[in-house]
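Whole structure, please, built from the sequences with the hints as guidance.
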Amino acid sequence: MSFREIQAKEITAAVKKLFMDCNYYIGEDVTAALEEARENETSQLAKDVLTQIIDNDAIAARERVPMCQDTGMAVLFVEYGDRVTVSGEGFRAAVERGVSEAYTEGYLRKSVVSDPVFDRVNTKDNTPPVIHTEIVPGDRISITAGGKGFGSENMSCVKMLTPSAGVEGVKSFVLGAVAYAGPNPCPPIVVGVGIGGTFEKAAQLAKKATFRSVSSSNPDERYASLERELLSKINEMNIGPAGLGGRTTALAVNIETYPTHIAGMPVAVNICCHACRHKSVTI
Amino acid sequence: MKKITFPITDEQISSLRCGDRVLATGYLYTARDAAHKRMYDLLQSGESLPIDVKGQTIYYVGAAPAKPGSVIGPCGPTSSYRMDKYAPSLLDLGLKVMIGKGARGDEVIESMIRNRAVYLIAVGGAAALIAGSIRKVDLICYEDLGTEAIYRYEVEDMPLIVAIDSEGNNIYVR
Chain A
1433 MSFREIQAKE ITAAVKKLFM DCNYYIGEDV TAALEEAREN ETSQLAKDVL
1483 TQIIDNDAIA ARERVPMCQD TGMAVLFVEY GDRVTVSGEG FRAAVERGVS
1533 EAYTEGYLRK SVVSDPVFDR VNTKDNTPPV IHTEIVPGDR ISITAGGKGF
1583 GSENMSCVKM LTPSAGVEGV KSFVLGAVAY AGPNPCPPIV VGVGIGGTFE
1633 KAAQLAKKAT FRSVSSSNPD ERYASLEREL LSKINEMNIG PAGLGGRTTA
1683 LAVNIETYPT HIAGMPVAVN ICCHACRHKS VTI
Chain B
150 MKKITFPITD EQISSLRCGD RVLATGYLYT ARDAAHKRMY DLLQSGESLP
200 IDVKGQTIYY VGAAPAKPGS VIGPCGPTSS YRMDKYAPSL LDLGLKVMIG
250 KGARGDEVIE SMIRNRAVYL IAVGGAAALI AGSIRKVDLI CYEDLGTEAI
300 YRYEVEDMPL IVAIDSEGNN IYVR
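From first to last, the protein sequence lines are chains A and B.
At position 247 of the first sequence (counting the first as 1) the number is 1679 in the working numbering, and the numbers step up by one without a gap.
At position 103 of the second sequence (counting the first as 1) the number is 252 in the working numbering, and the numbers step up by one without a gap.
Treat the hints as calculated values from the structure; they're not laboratory data.
With a cut-off of at most 20 Å between alpha-carbon atoms, the simulated EDC-like pairs for lysine to aspartate or glutamate come out as follows:
(1) B/K151 to A/D1480
(2) B/K186 to A/D1551
(3) A/K1556 to B/D293
(4) B/K216 to A/E1537
(5) B/K186 to B/D241
(6) A/K1556 to B/D182
Remember, predicted model here, so these are calculated numbers, not experimental data.
Listed below in C-alpha cells is the structure:
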C-alpha cells in the first residue's frame, strides 16, 4: 500500500488560515439566518439588536478583525486518511503551530490557561487546541476548525438519559438546557444536540452538530422533524436576541446521533453563540 | 436615546430606568474574572484596592489585541454572572455602574438597590462595533494578566442598555 506524503508546513498553513478566516468572516448561512430573523421580529429592540450583530459581522469582515473578542478555544474535527503520512514535525505539532501563528499573527485573543484549577496561567498563543481525530479510508486529511467562545460553552450540559425516557425525554432535556442558559450564551444561539454513543461521544457529537450549517437538516427525516419542532419551541420561549425578548432565541437546532448501548440514551447539548464560527479544508 | 457620562452622577442613576437605551461618554475601568478575584482577595485580607472604585464604572471585558494603527481590538462584554461572587463587595465600596451581558444573581441586585447602582449591558458578540466607541486605552495594573488586566478606557457614545436599574427592575424578568 502506498502512502501519500503531506508536508507539515502545509498543515500549519491550512490551520492558520482556518482560524483567522473563521474569526473574521462569519458564514453566509449565519448572515442569511440573522437577516431573516430581523425581518421576522416585531419588537424594535429585537430588530435593533440583530442589526447591531449584522453590522458588527460586516465590520469584522471588512477590517479583518475578529467578530467577537472571545476568539475561543481552538477546536478541530479531523478526518485523517489511513494512507497519509505527515512529514517534518508531524501532524500534532503542525496543527499546534498553525493555531499559535493564527492567534499571534492574526490579532486574535489568547484565552487558554495552562492548568484549569491551580495555576491558570495564560499559554500566550492559545495552544493547545482540542483535536478530535477520526481515521477514515483514503489519502486525504479533512479539517473543520472553529474558535469556541466560552460564554456559550459554559451553558452546555450532558445527561445520561435511559431508554424509557424516549423522545419526550430528549425534548425536555434540550428545552430545559436552553431555558437555563437564558440570556447568557449570546442569543440567537445555535443548539448542537448529540444523542447516543457513550458519555463523551454524546458531548463530542453535540459539538460537531454546532459545526454544521444552520441551514442544514439531519438526513434522517425523524431527526429533521425533531430539529424543527425543538427550534419552534425554543423560539416561543421569548428569550430573544441578546436575551431581551423576541422571536429569535435560536437560529438552528442541529442533531447528530450515534448507536448506543441497550441500557442507555446519552444526550448532550452544546450551545454556540450567534458568532458560530467554523471553516473547513481538505488537503 | 439618553446620554450619560462616566463617572456617572447620582441624578443620572436616579433617572435611568430598566430598558432605557443610552450612549455613554467618559472613562471606565475594565476587569473580568482574574482581576476580580485579585481585588476580592485583597479586600478579604483587609488590604486596599489598586483602583478607587467609588463612583466608578467597571466594564466586564477582555479585549482582543489591537492591530497596528488601532486604539483597541474588538471588545464586547463577557458574561456578568461570573463576577456575581465579587460584585457586592465592590458595590459596598461605592461602585456605581457595572457593564456586561446576561443575568445577575439576587445578592448582586439586593446590593445594587442598597447602594443605588445600575447594571448596563452591551450586545454580546458585537465586539468589533463596540470597539468603534473606545477612544483611548491605558493599562492601570495587573499587566501580567494580559487581556484580563485592569485598563482604563475613554469612551464616546458607547451604546448600552439599562438591564437592572437602581430600584432593581430587571430586563430579564418578563
